[in-house]
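Since the structure of chain A is provided, determine the placement of chain B on it from the hints.
There are 2 protein chains.
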Amino acid sequence: MRFTVEKTESTARAGKIETDHGVIETPIFMPVGTQGSVKAVEQRELADLGAQIVLGNTYHLYLRPGVEVLKSMGGLHRFMSWERPILTDSGGYQVFSLSDLRQISEEGVTFKSHLDGSCHFFTPDKVVEIQRAIGSDIMMVLDECTPYPCDHNYAKLSNELTVRWAKRCQQAAQKLPAAYGHHQALFGIVQGSTYKDIRAESVKALVALNFEGYAIGGLAVGEPTESMYELAEFTAALLPNEKPRYLMGVGTPENLLECIERGVDMFDCVIPTRNGRNAMLFTRHGRMNITNAQFKTDSNPVDEECECYACRKFSRAYIRHLFQVKEILGLQLASLHNLTLYLWIMKEARRHILSNDFASWKKSILLQLRDGS
Amino acid sequence: MRFTVEKTESTARAGKIETDHGVIETPIFMPVGTQGSVKAVEQRELADLGAQIVLGNTYHLYLRPGVEVLKSMGGLHRFMSWERPILTDSGGYQVFSLSDLRQISEEGVTFKSHLDGSCHFFTPDKVVEIQRAIGSDIMMVLDECTPYPCDHNYAKLSNELTVRWAKRCQQAAQKLPAAYGHHQALFGIVQGSTYKDIRAESVKALVALNFEGYAIGGLAVGEPTESMYELAEFTAALLPNEKPRYLMGVGTPENLLECIERGVDMFDCVIPTRNGRNAMLFTRHGRMNITNAQFKTDSNPVDEECECYACRKFSRAYIRHLFQVKEILGLQLASLHNLTLYLWIMKEARRHILSNDFASWKKSILLQLRDGS
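Protein sequences, first through last, are from chains A and B.
Heads up, the first sequence is in my numbering, so the first residue is 1 and it goes up one at a time.
Heads up, the second sequence is in my numbering, so the first residue is 1 and it goes up one at a time.
Note that these hints are calculated values from the structure, not bench results.
The beta carbon of each residue, even a glycine, is placed where N, CA and C say it ideally should be.
Some clues are possibly wrong.
Pairwise CB distance ranges (calculated) [as the list claims (entries may be wrong)]:
| id | chain 1 | residue 1 | chain 2 | residue 2 | range |
| --- | --- | --- | --- | --- | --- |
| 1 | A | 294 | B | 74 | 18 to 24 Å |
| 2 | A | 18 | B | 68 | 53 to 59 Å |
| 3 | A | 326 | B | 209 | 37 to 43 Å |
| 4 | A | 294 | B | 103 | 56 to 62 Å |
| 5 | B | 119 | A | 78 | 35 to 41 Å |
| 6 | B | 237 | A | 270 | 54 to 60 Å |
| 7 | A | 367 | B | 312 | 43 to 49 Å |
Okay, chain A solo, but in the shape it has when bound:
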């Protein structure tokens, strides 16, 4: 994997990540395909709308279809028929947010499946092994994602464990080669809750291990948005310039813009698809709940300027109707549209960084996005 910073404007960066499955232009938003499918969106539609990389989830894919199926099908790219890059998180976050009765030790984490209560044990070696079976272009280390709030002592000890696990993941990846002939990068994950001293320690320890990229984890877990911005900025500034920076699980269009400005290159979030399925549509001029009565006979597209299939072909009134009568097509169109809008924002952000007017563009687009003006 090769990362190049093409241009910076203050701390904002435009770059490219070259993988064996193609180039990712940053800043990038990665649609979330937890179980090997971006919900309600076809792979050919993802490609059409310009998705350059999608996310898969190690915890979910480990439970279903399972490592043996993934291996026998030649990895996730072939299984889901997606030829572009894939990033997988390590499953750490899901173990801590979805499963029951998790027990953490130096060795790893024992948890019960949220599906059937069956007992499982994730170690650093194990999550690398699973991600080798998945064949993701970017793998993530096993980490403990601390909840918010979290006391300083716990956050410190937890981060130290995360760092030790990161090192073990790296060693495991060195021992267990990639399975499908393409390179799989491994990213470290910075933790430290809301404590700058721990974040700094985390960065220092991880950078010493020389990962191919660094994620900022443990944010967007309930802390105030301003804290999130401050910690993302603080952490990004400590990270090496020559490596990609990935802020996990963030966020709204506004969050993305603020964090691009603060030096983040990569984002993932379920908001565009999940909110879409709940009838919440993002537009260049604010958000709309498409089920509102005001759209009953509104023949305008969701977003005049949007070039997605939903906006080119259908009215707000029709999409509202689809949600009213619970037609699956409503979920499809809303997801398509929101992802298109997200990717448009990222593309524009990149364009403006390259032309050195990101800051002023960001100011105007934020006003538009927030106020619908």
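Just chain B now, kept in the frame of chain A:
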């Protein structure tokens, strides 16, 4: 509307129906888009897979989005962004199958909505008025669809009422012109339950009214399949050669082939989409429940010979996984595939009628479809 029989082979017919929204080549299967959407399939996908006409449902569209919305949006074609022909049933069937507390009189039928219990009154005039607001290329008369079994006396009286309603629908259509500048044909519906004498009376009375086409109603309501074939054959034979014949609500691929042979031109049924959403896939070599464990690592497409997106790009194992984890994409791919298979059968049937070897082809394809050989 103009109907031309291009070729017959025994009683099987290949023809074309010319409408203001384009030509429909018969025999034809019409995907069902009850509420203005063929469930889980995009309109551009319907066009791609060769759907020449889709069905809308008067009862459902009347309840939601309602006549005022449809009118203000310029009719169903524009509302749902579908430029090819649309047929709407009259709502009669749904009134009798879905709604509560229906009360039938000479005037029409009073019923309570299955959605909110609100009270509504459908008359022949009313269903024409609704279908004018929808703007379907082919409208259906209001009928009473008798249940199975049904005693001779009730079937006779019911059919006589259906015939009187048919006449009133025709008069209503003459009084109330089409709203959107394109012609809307009106089809009569033959009833008579399982009684040939009543079916014959029904045909005679309706043909005297000179409809632009005739549907065979009241079948596929629980009678033995052999009865359905016999009654379809009997009724089709009585209908005028120069008008299209539409067998409502039928059926499986086998049913379609048998009824094409017996002289039917048009079909609609929820089976391909509904069964698809329940993981039942039709193939050229039999049916499969894609959730079966045998497909866990099956890297073959659902149907080798099928050219749909699901079969070109995905394995049985992946589609099985999508159903296992309840991903919407599973519903999308299964619906796409089943509709593609249905339309392929109709296209092949037509091709073989045109080349005068339908009977022998039908025999071999039926063996394949049934036995998976």
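How the hints compare with the structure:
{"no.": "1", "hint": "A/294 - B/74: 18 to 24 Å", "verdict": "holds, 19 Å"}
{"no.": "2", "hint": "A/18 - B/68: 53 to 59 Å", "verdict": "holds, 56 Å"}
{"no.": "3", "hint": "A/326 - B/209: 37 to 43 Å", "verdict": "holds, 39 Å"}
{"no.": "4", "hint": "A/294 - B/103: 56 to 62 Å", "verdict": "violated, 37 Å"}
{"no.": "5", "hint": "B/119 - A/78: 35 to 41 Å", "verdict": "violated, 56 Å"}
{"no.": "6", "hint": "B/237 - A/270: 54 to 60 Å", "verdict": "holds, 59 Å"}
{"no.": "7", "hint": "A/367 - B/312: 43 to 49 Å", "verdict": "holds, 45 Å"}
Comparing the model with each earlier hint shows violations of hints 4 and 5; every other hint is respected.
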